[in-house]
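Engineer: Sequence:
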Amino acid sequence: MNRLQQMYRDTGLATKQFIFLFIVFAGLFSALAWGNLRDAEKVVREQVIGDSQIILDRTNRLLDAYIETIMGILLLVRSSQDLLLSGNDYEIRRTLYEYSQTSTIVKTLYFIREDNGTMLSSKQGLTEAMGNPRLLEIHRSMLQDTFSLNWSEPYYSPVSGNTVAFVLPIRGANMKKVGTAAVEIDLNLLKTRLTEMIGNIDQTFAVMTMGNNFVSIDMMSPLVPYVTESYQRQLDPAFAGRLTELSTGASVVEGADRPLIAVKSASNRLNWSIVSLIDEHYFYRNIHQLNDNYRHAALLWIFILFISVWIITRFITGPIRKLAFKMDRVQDFDVIQPIYREGKDEIGRLASSYNRLLSRVHVLIKEIKAAESSKKDYELKMLQNQIGPHFLYNTLTCISSLAKQQKIAEVRETIRSLGGLLHYSFNKTSEFVTLQQELDALKMYVQIQKIRYGEQFDCVFDVDSALLGCRMLKLTLQPLVENAIYHGIAPKSEAGTIHVIARERGGAMNLYIIDDGVGIAPDYRRLLLERRVDEHDAQSFNSIGLTNVQERIKLHFGESYGLRISSRSMSGTVVRIRLPKH
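Note that this note's numbering gives residue 285 to position 285 of the sequence shown, counting from 1, and the numbers run on in steps of one.
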């Protein structure tokens, strides 16, 4: 990977332009093509699903029309009560036959007497020879107080084959039930008509009752999975279960060997559900031509890209290379060598601008060098003046609490420490102070923190008196003790101790801030000297952090001086400050 990056960096501008343009336009072209293909697929899918839903609505209206027809025939039978009660079986059978011929959906029309269960039908000979026990069960299971039209689940009738029975009770003048009029419909004809409306090579259908029984399904469709029992195909039970669990609308269901889009209609008057099953691959067939068009356009685009890059290289990159060669000869900003190029085109204007830039850079370098030193001093003074608002608030709260407790001596001492600490921080006479002055300010800071934290920590000073007059940078020790309190002692569950030690060693003044706190993790220990000023805690006395202390020491005294941190988890931390002795 690194080798490829190096090769790319070493290539010429023309090659980079080609690679960049190729990647950008290839990405845009691919995204456009992919988006258009997905949109086309979505449009086709929505159109087919919408058409299927329209067809299913029409199919539901067809089933409702069949209900109206069947209801009309049964009402005709009910209106012929005089004939039905006359006992003239021949005339009753003839009338039933005539009524059954009024609609092709009617397979067989029946009248079943209530008193003796005699069954008369439009196909009397076949009925007497084969019988129809299932219809008799339906007749007997009807409640005595039933007046409306009822229908059965799908079943096999010896007279009508696979069918569904529609039954209507017939009552006499005293509302007593005298018999039942029944119609067994032709499910094969229903399947044929539904196939004409819904089915094709890419689409089939299934009709289910409220009891999740299948009224009609095309077992010859390659989309429907089936199992073979003896000589007859049977619907795969797992697939049947998936169909019965579908919700109304469009869903995806796994078919025989491919996913299918299942569009389930709302129930009709029969409370039957119609599911249209569409081969998912159907949506992609009309998109292949669009794919071919995009491939041809991509080849043409690559050819145009090659020509464009050659033109760019010929008329633009060449002059730029010449100008870059001349720019490479500029090595020293202290000695400026202007670039001369004739012409007023973009390259000539670029050369003139570059010459002006060299002159301006030469001036700015001198100004920056002069401003850098004063900037460091200004930043330090700003940091010293940024007293932490939470520190000041907490200190004043402590003073208020002491005053309420009538601890007048502690109030005086804390106010004296706060005033002295603020005066010490704001004093702009000099950036350098003696070690004695730094320790006095540190003791005032410690006194304020002890008022806040109580007996949670103690601070012990062990200073070589010969070093008290040595000069050092102001506010060097306070940030280190503050860090020891917040990050070492405060997280402990018990009291801790901070030692401030000053010793001369190796001709230098060495100051140690030692605490027996929770220690500092290695990663965080490294960050302490890398963290920027604007990340400092708002509860600190000021915005001078360890990073600033380190940078100030190295800036004023050199790289051989500064901070060094060592720590052990749950044992404590040692911060050593090495300063010159003078």
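Since the hints were made in silico from the structure, they are not lab data. Keep in mind that a hint or two might mislead.
[Claimed, not checked] Pairwise CB distance ranges, derived in the manner of DEER restraints: (1) L189 / G211: 21 to 27 Å; (2) D462 / I415: 53 to 59 Å; (3) I311 / V363: 20 to 26 Å.
[Stated by the list, open to error] The list that follows gives simulated cross-link-like pairs (lysine-lysine, PhoX-like), each with its CA atoms no further than 20 Å apart: (4) K366 / K404; (5) K322 / K366; (6) K322 / K16; (7) K450 / K404; (8) K366 / K407.
Note that this is a predicted model, so its numbers are computed, not measured. Each residue gets a CB set at the ideal place from its N, CA and C atoms; glycine is no exception.
Engineer: Give a verdict on every hint.
Structural biologist: Outcome of the hint check:
1. In this structure the hint that L189 and G211 lie 21 to 27 Å apart at CB holds, the actual value being about 22 Å.
2. Evaluation of the 53 to 59 Å hint for D462 and I415 yields a failure: the beta carbon distance comes to about 28 Å.
3. Between I311 and V363 the C-beta distance comes to about 40 Å, which lies outside the given range of 20 to 26 Å.
4. Restraint check for K366 and K404: the C-alpha separation of about 60 Å exceeds 20 Å, so the hint is violated.
5. Annotation: proposed proximity of K322 to K366 is violated, straight-line Cα distance about 30 Å (limit 20 Å).
6. Of the supplied pair hints, the one linking K322 and K16 holds, its CA atoms being roughly 18 Å apart against a limit of 20 Å.
7. A distance of roughly 18 Å separates the Cα atoms of K450 and K404; the hinted pair therefore holds under the 20 Å criterion.
8. At most 20 Å may separate the alpha-carbon atoms for a hinted pair to count; K366 and K407 exceed this at roughly 60 Å.
In this structure, the earlier hints numbered 2, 3, 4, 5 and 8 are contradicted, and the remaining ones agree with it.
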